[in-house]
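Asker: Generate the whole structure from the sequences, applying the supplied hints.
Residue numbers (our numbering), protein chains in the order written: chain R, 1 to 402; chain W, 1 to 402.
Everything labelled a hint here was simulated from the structure, so no lab data went into it. For every residue, glycine included, the Cβ atom is placed at its ideal position computed from N, Cα and C. Misleading hints may appear alongside valid ones.
Just so you have them, the derived chain R footprint on chain W, three or more residues with Cβ under 8 angstroms [said to hold, decoys possible]: (1) 42 to 54; (2) 64 to 76; (3) 80 to 92; (4) 120 to 131; (5) 320 to 329.
For reference, the chains in residue letters:
There are 2 protein chains.
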Amino acid sequence: MLPFDILEYQDRIKQTKQKMAERSIDVLLITDPANMYYLSGYDAWSFYVHQMLVLIIDESQPLWIGRYMDANGARATTWIYDENVIAYPDEYVHSSTHHPMQFMAEILEQIGQGNRRIGVEMDHYYFTAKAYQTLVSCLPNATFVSGDLLVNQVRMIKSDQEIEYMRGAAKIAENAMLHGVNSIFRGVRECDVAAQISYHSIAGTDQYGGDYPSIVPMLPSGERTGMPHLTWSERAFMEGDSIIIELAGCYKRYHVPLARTVNIGPASEKLDRIAPIVIEGIEKVLDAVKPGITCSEIEEIWRNSIKKYGFEKEARLGYSVGLNYPPDWGEHTASIRRDDHTVLLPNMTFHFIPALWFDHYGIEISETIRVTDTGCETFTDFPRELIIRDGYATPSQDGKIS
Amino acid sequence: MLPFDILEYQDRIKQTKQKMAERSIDVLLITDPANMYYLSGYDAWSFYVHQMLVLIIDESQPLWIGRYMDANGARATTWIYDENVIAYPDEYVHSSTHHPMQFMAEILEQIGQGNRRIGVEMDHYYFTAKAYQTLVSCLPNATFVSGDLLVNQVRMIKSDQEIEYMRGAAKIAENAMLHGVNSIFRGVRECDVAAQISYHSIAGTDQYGGDYPSIVPMLPSGERTGMPHLTWSERAFMEGDSIIIELAGCYKRYHVPLARTVNIGPASEKLDRIAPIVIEGIEKVLDAVKPGITCSEIEEIWRNSIKKYGFEKEARLGYSVGLNYPPDWGEHTASIRRDDHTVLLPNMTFHFIPALWFDHYGIEISETIRVTDTGCETFTDFPRELIIRDGYATPSQDGKIS
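Answerer: Here's what the structure looks like:
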């Protein structure tokens, strides 16, 4: 039932411990659900309560500590021994008198780790200010140090099995994009198209049943195409609308994002002008990416490519991508931007999304890429153009399913 | 475009300031996206980067501080003045050298709030340990105090407009449950049914276009029904399987969750025995809920109802529900359990989910309720029974859409 061979987990643990040793960390408390899954296999929507994996430098097995009702799921989805699954009672959940970190600190004390150097994921969503404060006050003899992005850095270079899962995610992404685009007609609501995309993302294909992407489909239309993170509304599409679709296929928690821009009827002059400029910039970058190039150098290629047409871009161009849980599919390590000097290596994977947003319109055309031994390849195969939709829906094409 | 009248926002601000005054908080930093939406209207999937609403006790308008690319969305979706929308540059995003809280602290200093009593949402997902640590170190003259659940407590009693939105969410939930149940056949994969449910949750109805629920549909089957938070797999259903469906309809970010248990073919003796016991317990509770009763008293009614059959339940029975964002639709205030003495008042809303989980099976039958002036009412109208599915799928009923 495990998505990876036990030897692959052992190798991940080994690499993580090497990084712990470099940072003089004795005990790493892992609260990022992607890192928990990466090291143990634990996969559940239980990250809305406090939980963690405890990796001790001189112990071979991690501990899982979480909510009592989730312990059976931890036993079922991980490779770790059942006795290493430790559960706190429900009175600790969303309580004003009990905090789960009190329980966890007590366990750490009991197993002799209360006076060690403890690494914590300081800037992760699921390690709150109160979680940290509670741990620090309950473990006065421990020294707390940052374990931020430690496991994430191990995750940057994918194994062959991880790449296989991303290929599955790519098939799902292509299929979801195709059905999303084909459901766009005048008079169809944004929510109907978002529903089509979600259906195909989750059902997946016959070969690859879909997992839930860490972000819902983004689908701004009209003036909202200049506002990238607004989610869909009940607005019905109109003649002339442009629509940005950003989605991801997800397979066994591995993501391949994909963005395209669609126009109902002929596009505006502005959009018509900008689309080939963006596509040219993407092509130049894809030609240049290979092992040894840095994120900063990629950004420079893009910047020069659009500068000659008088454009510049405020935001980063992309980021390391793969395994994740809500609320983000990015891995929070390398970003493709000027001040990031990460050197690209084979089997690193990036979502390259050089979107341009203006006050009243925007464009997104993206590719998820794998760095190969000699260059790069895109995961998906989807026409890289501004997509024009025309015609009204017939009754059987109204974007609805029964 | 605002989902609520401006007077309703003013009233929410006023109630929040009253609670700030009670806790001697001068400045409340609101990082929970549900609380940001509640007070300002801001609605975007941008909570994967640091952002906040700043409510100052002696200023009438809050400030929104977030990422540059999200500022247009903040101007478009909120009632606050454009000049109160302040954006940080992209170099602060997922960076090892810049933290958004450095920028935010600088703004607070510049507007003369650097030496005040500042309330922060200490245990919220989107207020990390590092966010807190950075703020504290950048604002040495401020006093930090807990603003935990302050706005959440205001949110507990719903307005008539909020209840209307929940009624819309209830229609969506009923429809999604119906289609989910009707797509269950032997040989259909869990992911196909999850896709059906997601489609109908997001498309919604003609009247109520769906919003994304804060949790994906839960759909454990077979032995996994004892593991409530495992998400769907590619497993195909088999004769005899039981399947637990927990979903929510969501309309304008307001949730109505609903859970039912389904069996393919005749249910096991165990499940057949437990179902009427759970339903009887639910009915006793629904008969008893009215203004003035406490969460603890409700738990006692349930406990006594199942105790006579020899059962007891470890986890809480339910929680305050309504407005939320991923990863949870619960409001983290009142829980229906023994040590929670919250007094129920009209227009409080709860998800009452007295699920029972055993090592190899489980049952969930739930209702979302509104406390009325004299009792309570359920939002959805869906048969409260163990649902038996029979027969194989015909080619047109294979759980797939084209």
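Asker: When the hints from earlier in the document are held up against this structure, which numbers fail?
Answerer: Failing hints: none at all.
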